[in-house]
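Here is what each chain is made of, one letter per residue.
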Amino acid sequence: MPLPRASPLTVIIIRTTAASYAVFFDAIAAQGRALLRVSLDTADTSLAPPQAFLAHAQGLRAILALHTAEADDDAAAGPGGSSSGSGENEGATIERALDALVDPAVQMCVHAAEEKDAARRRNLPATAAATGWDRPVFVLNCLTYLADTLAPHACAARKRAALHEQVEARVRELINEHVRPPCPPLPILAAHVQRHCRPCHSTRTSCVIRACTMPSAHANTPHQTYVPRPLL
Amino acid sequence: MLAQTRQAATLSSFMSALTTGSATGRAGARPIELHAHDALRYIGDMLAWVHQAIAAEREFLEALLGVDEGARMPGAVRAPAHAADEWLGELMDAAVAGLCGPLRARVLQTVRAQESALSAYKVARLLQFYALTMARTLGARALLATTLGE
Chain A
1 MPLPRASPLT VIIIRTTAAS YAVFFDAIAA QGRALLRVSL DTADTSLAPP QAFLAHAQGL
61 RAILALHTAE ADDDAAAGPG GSSSGSGENE GATIERALDA LVDPAVQMCV HAAEEKDAAR
121 RRNLPATAAA TGWDRPVFVL NCLTYLADTL APHACAARKR AALHEQVEAR VRELINEHVR
181 PPCPPLPILA AHVQRHCRPC HSTRTSCVIR ACTMPSAHAN TPHQTYVPRP LL
Chain B
1 MLAQTRQAAT LSSFMSALTT GSATGRAGAR PIELHAHDAL RYIGDMLAWV HQAIAAEREF
61 LEALLGVDEG ARMPGAVRAP AHAADEWLGE LMDAAVAGLC GPLRARVLQT VRAQESALSA
121 YKVARLLQFY ALTMARTLGA RALLATTLGE
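Line by line, the protein sequences are chains A and B. Counted the way our numbering counts, the first sequence spans residues 1 to 232. Counted the way our numbering counts, the second sequence spans residues 1 to 150.
One or more of the hints may lead you astray.
Unchecked claim - Quick list of the computed label-pair ranges, beta carbon to beta carbon: (1) B:Leu65 <-> A:Gly91: 38 to 48 Å; (2) B:Thr5 <-> A:Gly91: 43 to 53 Å; (3) A:Thr68 <-> B:Leu65: 19 to 29 Å; (4) A:Tyr145 <-> B:Ala3: 24 to 34 Å; (5) B:Ala55 <-> A:Arg96: 33 to 43 Å.
It is worth saying that the hints were derived from the structure and are not from the lab. Every residue gets a Cβ at the ideal spot worked out from N, C-alpha and C, and that includes glycine.
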């Protein structure tokens with residue numbers, strides 16, 4: 001069965017719609033590339049997201065607000081009153097836009113933070129470089145700000161979940177880095193046991209662990225009675 | 001002959017509405033191109049004029065040919081009700097075909113001039129709305145055929 005003839009005016013409007021979406025995606029791609037070129041001020045010790053990042057997030061917020069408002073209007077109008085056509089196409093469009101807007105922002109805050117950290121270590125004294133600016137916390141602040149920007153919009157749920165995974169992974173890294181382990185490292189403890197436990201100079205792991213975990217008041221009985229001195 | 005006459009009349013009215021504002025039917029109406037600096041308003045005004053012209057053209061042709069369309073809500077999908085619908089659709093397409101060139105050139109020029117992502121998105125949403133609306137006014141077959149063809 002042959003396809004029915006299409007109205008030329010409708011064809012023109014559909015093609016200009018496609019062209020306008022192409023211009024939109026080109027614009028957000030250019031915006032993402034510009035964001036990736038941003039470098040952070042080495043002397044700035046603030047851990048808040050930088051101004052370029054905030055402006056980019058503001059643009060993202062405006063686009064999502066527009067999409068959400070129109071989606072709410074379509075939902076209120078019902079299936080017959082939809083002004084935006086296929087819901088699947090709309091979902092694919094906004095997902096593609098989110099990828100183009102969110103991914104460069106994440107890359108920017110990670111790479112720019114690494115560059116700033118490296119520059120501070122090169123150019124500043126060791127004590128100044130080690131204090132005053134915390135790269136992992138800065139990256140966490142940026143990612144959290146981005147996740148909060150996506151929070152009010154149901155269409156951004158997938159992207160927000162991905163951001164939360166990144167945030168959680170970085171939080172776990174911070175916890176592992178900053179929290180002291182309950183027992184000192186085994187080689188250090190083994191050396192300590194050798195110096196202070198005269199009857200037994202064993203450095204086997206099992207002996208060292210027993211020496212660490214079993215309190216005792218008698219220093220002459222090996223393993224069961226040794227009380228390790230507190231390490232400074 | 002009828003189609004060519006209507007096409008010329010529609011095109012003339014469109015150009016007048018763009019440049020002088022005299023074809024909009026309202027006294028003291030401003031030309032559409034007066035707002036060419038505002039992309040959303042410019043494209044919206046042009047498409048609104050075209051949509052209104054299509055509706056007026058259909059009513060004229062139905063009155064001329066004595067076709068009774070029956071009750072139809074504005075914006076509802078137009079379903080073919082009788083044998084004359086196909087012929088009426090062809091006359092409609094021919095009448096508005098003359099608008100395609102000037103409309104396309106102006107809309108594309110405005111779209112490509114957009115630098116802001118947000119304004120480009122607003123224009124895209126506006127065009128998408130009118131694509132669907134025009135298809136409903138001209139007939140659902142048009143959008144389906146175009147989509148399948150694309």
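Hint check:
1. B:Leu65 <-> A:Gly91: 38 to 48 Å: About 43 Å separates the Cβ atoms of Leu65 of chain B and Gly91 of chain A, which means 38 to 48 Å holds.
2. B:Thr5 <-> A:Gly91: 43 to 53 Å: At roughly 45 Å between Cβ atoms, Gly91 of chain A and Thr5 of chain B fall inside 43 to 53 Å, so the hint holds.
3. A:Thr68 <-> B:Leu65: 19 to 29 Å: 45 Å, violated
4. A:Tyr145 <-> B:Ala3: 24 to 34 Å: Distance hint for Tyr145 of chain A, Ala3 of chain B is violated at roughly 59 Å.
5. B:Ala55 <-> A:Arg96: 33 to 43 Å: 35 Å, holds
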